[in-house]
Every structure is written in C-alpha cells, then in structure tokens.
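*Asks:* Residues per chain, in single letters:
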Amino acid sequence: MNGFGLLLLRDIRLALREGGAIGIALGFYLMVVALIPIAVGPELKIMGKIAPGILWVALLLSALLSLGRIFKADFEDGTLEIIATSSLPLELSAAAKSLAHWLTTSLPLAIVTPIVGALLNLDISAIPIIVLTMLVGTLAISFFGSIVAALTLQTQCGGVLIAVMVLPLYLPTLVYGTVTVSIALTPPGSPWPSFLLLCAISLASIVIGPCASAAALRHHMQ
Amino acid sequence: MKKQSLIQKLTSPTIFMDTSKTILPVLSFLATGMLLVGMYLALFVAPVDYQQGHTVKIMFLHVPSAWLGMMGYALIAISSFGYLVFRHPLADVSARSAALIGAAFTLLALITGGLWGKPMWGTYWVWDARLTSVLILFFLYLGLIALRSAIEDECLASKQTAIMAIIGVVILPFIKISVEGLSVPWLGITLPSWNTLHQPPSVLRSDGPSIHSSILIPLLVNALAFTLLFFAMHMKAMRNEIKRRKIKSLAIAEIERTRSQGTAAEE
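Going line by line, the protein sequences match chains A and B. Using the numbering used here, the letters of the first sequence map in sequence onto residues 64 to 285. Using the numbering used here, the letters of the second sequence map in sequence onto residues 187 to 453.
Hints may be right or wrong, so weigh each one.
[To be verified] The calculated label-pair distances, taken between Cβ atoms and stated as ranges, are: (1) Lys108/A / Phe272/B: 54 to 62 Å; (2) Leu402/B / Leu107/A: 50 to 58 Å; (3) Gly116/A / Ser369/B: 24 to 32 Å; (4) Pro105/A / Thr218/B: 56 to 64 Å; (5) Gly116/A / Pro359/B: 21 to 29 Å; (6) Glu139/A / Ala260/B: 32 to 40 Å; (7) Lys108/A / Asn426/B: 52 to 60 Å; (8) Asn65/A / Thr309/B: 53 to 61 Å; (9) Met203/B / Ala97/A: 32 to 40 Å; (10) Ala97/A / Phe230/B: 55 to 63 Å; (11) Ala451/B / Glu144/A: 37 to 45 Å; (12) Leu402/B / Pro105/A: 52 to 60 Å.
Rather than coming from a laboratory, the hints here were simulated on the basis of the structure. Bear in mind the structure is a predicted one, so any value in this text is a computation, not a measurement. Heads up, the beta-carbon is just placed ideally off N, CA and C, and yes, glycines get one too.
Could you put the whole structure together from the sequences, leaning on the hints where they help?
*Replies:* As structure tokens, then:
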C-alpha cells in the first residue's frame, strides 16, 4: 500500500480510537440544532422553513471544532517532520490528513442530518437533496479548513482564531449549499446549476487546500 | 560588486526611508489639499438629490471608502505575493501596514452605508448582496490581523499571514460571485444574485458612467483625495514599522552585548 493510503488509514484509526472527536462533533451538532427552536420558538411552520439553513450552519460550526486536530498532535510530537521527510510529497500528506478529517468528522455529520433534521420539522422530500449537498459541500469544509489549521499551528488562542479565519472561506459553500436546497424545495427552477457550482467549489478546495497547507506547514518546520 | 537595479534600489529599506522622508510631506500636503477641495465640492457645490435630499452627500465618503477597502486588500495581496516569492522584507512591511488602514476604510464603508441605508431603505442593515460581500471582506481583514498578532515569532507570522492573504484573494471571487451573482452575456452565463437591494455599479461601466457630471466630478475628486490619504497613511505606517523593527533589533543586540560582557566578567 502506498504512503497516501497508509497515512489516511493511520489518521482514521487514530480518530476512531481517540473516540472523543466524532462524539463531540455529533453532540455539538445536535446541541446547536436543539437550541434554535428553544430560542426562536417551537412553531413548526417557521422551523420547517429555516431548517435547511440551520442544519448547514450547525454543520459548519461542528466541523470547525475538530479542525485544530488535523495537524496539531503530529506537529507537537514531531511526527509531522518525519512525514515531511518521507518520499510522499507534503501536499499529498496534507491531502490525506484532510481527507481523513472529512471521513471521520464531516461525513458522519452529513449522514446524521436526516435524523437531526427531524427535530426541526424538516420536510421529508428535502432530505435527499440536503444530504447530497452536504456530502459534497463538507469536502470544502475539510479541505479549506486544513489551510487554516496549518496556518494557526503555533498560536495560543487556536479555536477562536480558526473560526474567525475560516468562516469567510466557507461562505461560497454555505451560499450554494442552502440555495440548492431552497431552489429544490420551490419547484420552478432547477437546482442543478447551483449544485454544480457547489461541486466546483469543493473540487477547487481539494486542489487549493493541500497546496496551501503544505506551504504553511513548511514554514513551521524551517 | 554587482550594480543594483532600479527596483532593488527603490525597495531597499534604507533607501525607502530616505526617499519616503521627502515624499511623505508632499503626499500628505496633496492629500490634505485634495480633501479640502473634495469636501468643499461635496458639501457646497454638488447639487442636492431631489429624492434623497442631503443624505446623498454620504456617498462622497461611502464610495471612496468602499473602493479603498478593496484596493487595500489588493495591495496586501500583491505585497504578500512579493514577500512569499522574493522574500523581500519591505513587501512584508507594506502588507502589515496596509491591513489596519484597509480594515478601517472597509469598516467606514460599512458604517456610512448603514447611515445612508437608514433614510433610503428604512433600515441600517439589510442582507443585501454587496453589503454582505463587503462585510466578508472586513472579516478577511480581521482574520489577517488576528493571525499576525496571534503568532509570536514575527518572521513566521509574516509568512503565514502572507499565505492567508493570498488564499483570501483566491477565495474572494468565489465569495463575490456566490453572493452577488454573475452575468457574462457572451458566454451565456447568468448566475442569480443571492439577494440584492443595492444599486448596481454606476461609475465603472462599459457604456459610460450613469451619474450626472455635477455629482461625478466631486465624487472622483474625493476618491482621488482619499486614495492620496490612504497612500500617505500607508507610507507613514511603513516608516513606523521599519523604525519599530530597527528598535527591536537594536534592543536585542543590546541584550546580547550585556550578556556577553557578563559571561566575560565571570570568567
């Protein structure tokens, strides 16, 4: 098996055995979604209308929580330097770690969305499209997020800083994710153009993310 | 010794300090003069709009601020590119100095926009497409400033901020298009805007400006005045930053010196 696959498997295994990471993200997702009806008032009609937007925002925030982990532990114990000196280009290593973050954090969040959505009176017919947009959109979340995770490795106030820096990067994904869902729910008009744009942004993030985070990681290890 | 090229000469910090010493007063004087002329034109010469009344005068502050907010980010991006590629310290000084000034102009554009929006749209803030993209631009500025101040090692902070600035420039078109929509008739592309109430750009248009010259001329004078002000402040901030770095390296050298004297005395 090549280095990329090994690194990917290692990171997935670490995330699963650590246990906490996925649980915390899922718990936080549920928590944010549950707080909204309490704050806004439990009117089912309003809930159903704003459900896709709330789910998207909650998903972004939950995925944010674990961004810091992508490189932190490996940087602190020196593993990252061994990874950097291996034959695998640092860009691919960064891609493997971002992909591992996607598989262990963003993907589970997208998968539980139909269940969490039930709390918000989410229309059953909206579930396939919202899960589809999330499956695609979360790629951008992990890959753009890895850039900021790499940039902020040597800072004290990691979490808040990551949030401030990364949210503007998520804006196009959020816009096209929610626009696709809302067009799909109001029949005239096809949701596919905005869905394809969402795919385009995710694909761009897969290219931009690893290159930028590898550049940032190199600065840390000079 | 190899002869330095003109660019190399102009960008060396010592020569920058020398030339900026003579340029800065001239630039400041020009900026002040233009501002006075611009404000006079805006407040006393430009006609009052028959619909908007005197609130239209906010435009003379609002539009230049918005332009400079965007220009500031472009300046940061170019400087960051120069720093990452050529490792030139002056480029980093420029990027660092432009961040706060650009952020201030962006904030000014948002605030004046709100004040203008209240009588026009009946509310200080609407989630209009162009307002939103300026707000996101402000967030990008905040991210840059926060990242630089959060990393203790100044050299590392410069490099990482430069990467973030370039990522910001890469992502800005995505943000702008996703929020404001896009229309390219000759390619048959039309993307709807996310939500808009704001008037479309009315000065830079292919079929000529859509503003009457009695308003356009004061606006352009003001834009020029604020641009001069931006560069004057930027140059001053760069001078301060270079001085700060000099003082810091002198202080470190002083500590090193006393420490080596101390060890020499012990021996």
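*Asks:* Which numbered conditions among the earlier hints are violated in the structure presented, ordered from lowest to highest?
*Replies:* 9
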